[in-house]
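Construct all of the structure, not just a fragment, from the sequences and the given hints.
Keeping their order, the protein sequence lines are chains A, B, C and D. Here this note's numbering = 1-based position in the first sequence + 13. Here this note's numbering = 1-based position in the second sequence + 13. Here this note's numbering = 1-based position in the third sequence + 13. Here this note's numbering = 1-based position in the fourth sequence + 13.
If you're looking for bench data, these hints aren't it; they were derived computationally from the structure. Model, not experiment: these values are computed from the prediction. Misleading hints may appear alongside valid ones.
What the hints assert, rightly or not - Okay, the calculated bits of chain A under chain C, using three or more residues with CB under 8 Å as the criterion: (1) 284-291; (2) 323-334.
To be verified - Subject to a maximum C-alpha distance of 30 Å in a straight line, what follows is the list of computed BS3-like cross-link-like pairs (lysine-lysine): (3) D:LYS338 - D:LYS306; (4) C:LYS279 - C:LYS306; (5) B:LYS231 - C:LYS231; (6) D:LYS306 - A:LYS231.
Backbone N, C-alpha and C define an ideal beta-carbon position, used for all residues, glycine too.
There are 4 protein chains.
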Amino acid sequence: MRFLSDNTASAAPEILAALSEVNQGQAIAYGNDPWTLRLDEVLSSFFATEVKAFAVATGTAANSLSLATLSPPWGAVYAHESAHICVDECGAPQFFSGGAQLMYLRGEHGKVTPGDLAAAIDFHPADVHTVQPAVVCLTQATEFGTTYRPAEIQAISSLAHERGLTVHMDGARFANALTFLGCHPGDVTWRAGVDVLSFGATKNGALAAEAVVFFDRKLVRDFEFRRKRAGHLLSKSRYVSAQLLAYVESGLWRRNATRANSLAQKLGRVAGRSLLHPVESNEVFIHLGEARKTQLRAEGFEFYDWGAKDSGEARFVVSWDQDEKHVLALADSLERLQLA
Amino acid sequence: MRFLSDNTASAAPEILAALSEVNQGQAIAYGNDPWTLRLDEVLSSFFATEVKAFAVATGTAANSLSLATLSPPWGAVYAHESAHICVDECGAPQFFSGGAQLMYLRGEHGKVTPGDLAAAIDFHPADVHTVQPAVVCLTQATEFGTTYRPAEIQAISSLAHERGLTVHMDGARFANALTFLGCHPGDVTWRAGVDVLSFGATKNGALAAEAVVFFDRKLVRDFEFRRKRAGHLLSKSRYVSAQLLAYVESGLWRRNATRANSLAQKLGRVAGRSLLHPVESNEVFIHLGEARKTQLRAEGFEFYDWGAKDSGEARFVVSWDQDEKHVLALADSLERLQLA
Amino acid sequence: MRFLSDNTASAAPEILAALSEVNQGQAIAYGNDPWTLRLDEVLSSFFATEVKAFAVATGTAANSLSLATLSPPWGAVYAHESAHICVDECGAPQFFSGGAQLMYLRGEHGKVTPGDLAAAIDFHPADVHTVQPAVVCLTQATEFGTTYRPAEIQAISSLAHERGLTVHMDGARFANALTFLGCHPGDVTWRAGVDVLSFGATKNGALAAEAVVFFDRKLVRDFEFRRKRAGHLLSKSRYVSAQLLAYVESGLWRRNATRANSLAQKLGRVAGRSLLHPVESNEVFIHLGEARKTQLRAEGFEFYDWGAKDSGEARFVVSWDQDEKHVLALADSLERLQLA
Amino acid sequence: MRFLSDNTASAAPEILAALSEVNQGQAIAYGNDPWTLRLDEVLSSFFATEVKAFAVATGTAANSLSLATLSPPWGAVYAHESAHICVDECGAPQFFSGGAQLMYLRGEHGKVTPGDLAAAIDFHPADVHTVQPAVVCLTQATEFGTTYRPAEIQAISSLAHERGLTVHMDGARFANALTFLGCHPGDVTWRAGVDVLSFGATKNGALAAEAVVFFDRKLVRDFEFRRKRAGHLLSKSRYVSAQLLAYVESGLWRRNATRANSLAQKLGRVAGRSLLHPVESNEVFIHLGEARKTQLRAEGFEFYDWGAKDSGEARFVVSWDQDEKHVLALADSLERLQLA
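Spelled out as structure tokens, the structure:
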């Protein structure tokens, strides 16, 4: 019974069906196929504003290509210290950007606050000797499963724009955040000041598909050269685009996220006061203590330790295809463990 | 009737079937799934030697990650001036390696010769002031559809190794070359001195799947860090590995290549003396003259101009899924055009 | 009356004399001149161990070339958040290394502690997804004018080595630290576990000369290629080497540092409890309050604001060539200002 | 008797005098000293147009910083295959630019021709898959001691600008070229379409001083960040600026170049038909044959072999401080050797 990561999930049947559907005869390569050519339109409609979108196969590519486009090699990119770009991409943003420095921010529940961001920008006055504040990157939902409210995003974006930074959102779990918040996709992105979004689909049911969405199309600049020379322009682009189209147009993003979120809520409820962060997407962080972890593992549950060594913290991720019986079993076990 | 590129081809049914097959429940992410874990074994058996193999989604990634692993940032990488790494990857090898210099070699029919390679290495004696000769990269089949014979590869490898270079093979059309040559996969790779191979499957029927195959496993070094930080470690790795397994184990590589090669031969035969290069895989280069090109396009054939502007040269690529009727129609038309 | 920076200082007469001395006729270029060839020997004798040393013209070059040699592109380099590499080099270590991530540590008086370092290394377990802990960089004297004692360095080095990191020391003000500590140069470097030192001379009387000193000569690796391709191998190397030789052999390092340190002590004494950091080299940090700063500036003293905006903090740097009268005048004024 | 390189030359007395002159008390660091602040004005007057100039310590830095400013990481930089950037900088332009590809052009006597440049640009049509033609770099004087006439430069610049490329000139021996041509500095630079010049002084009498001169000031862009993070912004900038000022204002550039050129002419005259390239600066290339080389070396002459191994070619460089007696002795010896 695996609660390790939504990356362990399978691809949704709708996604495989979409692959089959576009697998008819020849199609112009490298993005000039009819499906890829529809991406902008479909995502513009989804976000209710004109966007420019690019498909890639991994979230690391989406994030790093975005950041490299937004930050000069001598730029500073501000992000929460728990962010995927900080701890899970082996320095990809630094590689793609040619050396940008990630500035680690703290903040409760995985969230950057305007105050911390301002303090970090002000930490050292920028002149030719320093790296140049360039981008703030928000993760939605955060790595702790929490979500930024529109007003929170707006506050950070306003500050960022005032100070000459652009705003990137890592939306690897964007659908989960959106579903939880119940708001319009535009409300947590361009209407709240986000300039570029890594729009993730892989974790939530796609096979391998992410889109980089530019809300400010002037920022696209040299994105296409960057994608090509990073090996992220797929020759048979139709197959990644088809996933994104199916994901958005069929409402798959919402169905899958709704299901996963709601199962995660079940776990959150039994965790009670041992819950480390509010459950606002499909991840649940619980202070279990090492003994209870051992117990759960003995019962067949797989999950990751979290936080500092021996902190007793555990992360449970509910995937879109999680077996409900496993979730119920876990909820039962958690209940039996008599958490605080 | 498209003869533009084998990148316009669809994915083979065997590949889609393989995706469905592995799409069962959860699987550990990032390469620890049962299918990815079989890659080394299956490719070792294919090549009849112990290899270490890594799956990626694009040929540019396979080539660039290979070259970055083999060449220091101040290295020189020797390749035919027509090579994909020289003219079709927007500087990807330079990006991945941190600045390696591609050294363009000439040579008939897209092939590097030992003499040209030696002259290029000797062009300027290497000391601390120069880039350091590091790698020679051979394309098999070449960008002109020709293939290196085992002895040709051996001659280049011997020279390269003597001079302290390693040998990389860009095998985007490896199956087509192998099928044409009718030899064992080992004969044109490790037995002939190739150190690392970009083993392509995408052009020949996969959806998006290439393997980097290390014959000399000591050379793997930091490959995994490089792949990860380039965004080329797929989270749901099973789907790319499944393609490679199906491609190799089911003999798909051979079936598809055999078909494409044999259709290309038909075109080669009617081209007669206007043929620019021997047809040794699935590409056919013909000197048509501009008038005949216009004529063919009017008849509904799509293909790329080749060579210098107004050279009158044309490239026809036969894909694995090329409609035989289109090939026969093209052969007919070529015949009617009364080539020299 | 300038107390802005020791970079505003002139070059010592001994340094100009050394330039004249070596300015006799032709000398082999690029480091094969007799003076450069003596560097290893002279610095080996200075440090009482066999070292390999390389001359460059700037401290940023010395630091960045060292770190790029010690850290892979996906490495993490730990340093105090006030370190020159963190705030004054415009991302140079990131550029030279191809993307290493600087990890900012806090710590009183500009010093890294073993506890903070351990916590930072442990912050996230290292696997293929993360940047790899690679180097810890200590600044001696620190950016707050304090110095690491041998035992402090040893404690950090032991931890670092245990965890697979190497130890770099940014010794832009090494002579000032050494003079203050009154210990042997080896005691705060190789005997305490330092692997590579940026041995600064520019701030303390040279015109433009720094040495990268490898105590562990195996670590030299590809340093020479890195220096050359960064444009830091000087063609007429004798002129930078001559500075270093004069600096070390004539005892200039000690004379200049002793003078500057002792003048700084005078300032430290009058600062009393307003002193922000112990004066252990040639820098003095005082909490003045904004009003007193204005007053001092009106009296003709130039110095930098320090710390957060409106923090009331000020930095005074005493250069090797500081006019004693200016120091006494400043001491008088500080006294009159009745600091806490 | 050394004819190895003008890098073996000493620094001119005027240069050392200039260092002493500015070595008076404190001066603001990092380029805000009175001498550095005069650079633009002095070089604007020299070139008779408003320029923006930046001082650095090495020619490799000047070239690489220029090219990195002019070319994107995915750019192609066209240069003669003998150019310093191609064979003597260990990949520095690739490093600074983040991966630009040097495109080697052939051409008699070390010169690029418009025809070859056009052919190289046209070699492969530029689209998102290819590196993007960005810069052509001309060496003045060339590595074979020849010089481009104003009309030759103009022809290349016109072509380059038409095709969207900028024009960089590597002027490591600019003074020698200018003196030979007897024209105004503007005639071979901005009036002939050059956008950026590496203005060399080191080889011709400075200690370590080069200027990057922007004729098109819009192109400066992020140059200052690039210089800083490459470690090429000198803290005590006055010492490099003082060299440049003395070099230009005192006419040192012309005195030294005139002397070296005229001594080189003596050698050129005795070489007769064995001369490989016209002598148009301070370098002389002679086909001697291996036996005569051995003979000359036995007589105490030092010089480099040139061209292919055993080609019998030799290079003699006359430095600004070359002993006239050595030149006369070499001329005598060459005469005695009865060259063809």
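Tested hints:
1. 284-291: Not satisfied, violated; 0 residues make the cut.
2. 323-334: Three-residue rule not met by the stretch 323-334 of chain A, so violated; n is 0.
3. D:LYS338 - D:LYS306: Judged against 30 Å, a Cα distance of about 20 Å means the pair holds.
4. C:LYS279 - C:LYS306: With Cα atoms ~19 Å apart, LYS279 (chain C) and LYS306 (chain C) stay inside 30 Å; holds.
5. B:LYS231 - C:LYS231: holds, 20 Å
6. D:LYS306 - A:LYS231: Not satisfied, since the Cα-Cα distance of roughly 62 Å exceeds 30 Å.
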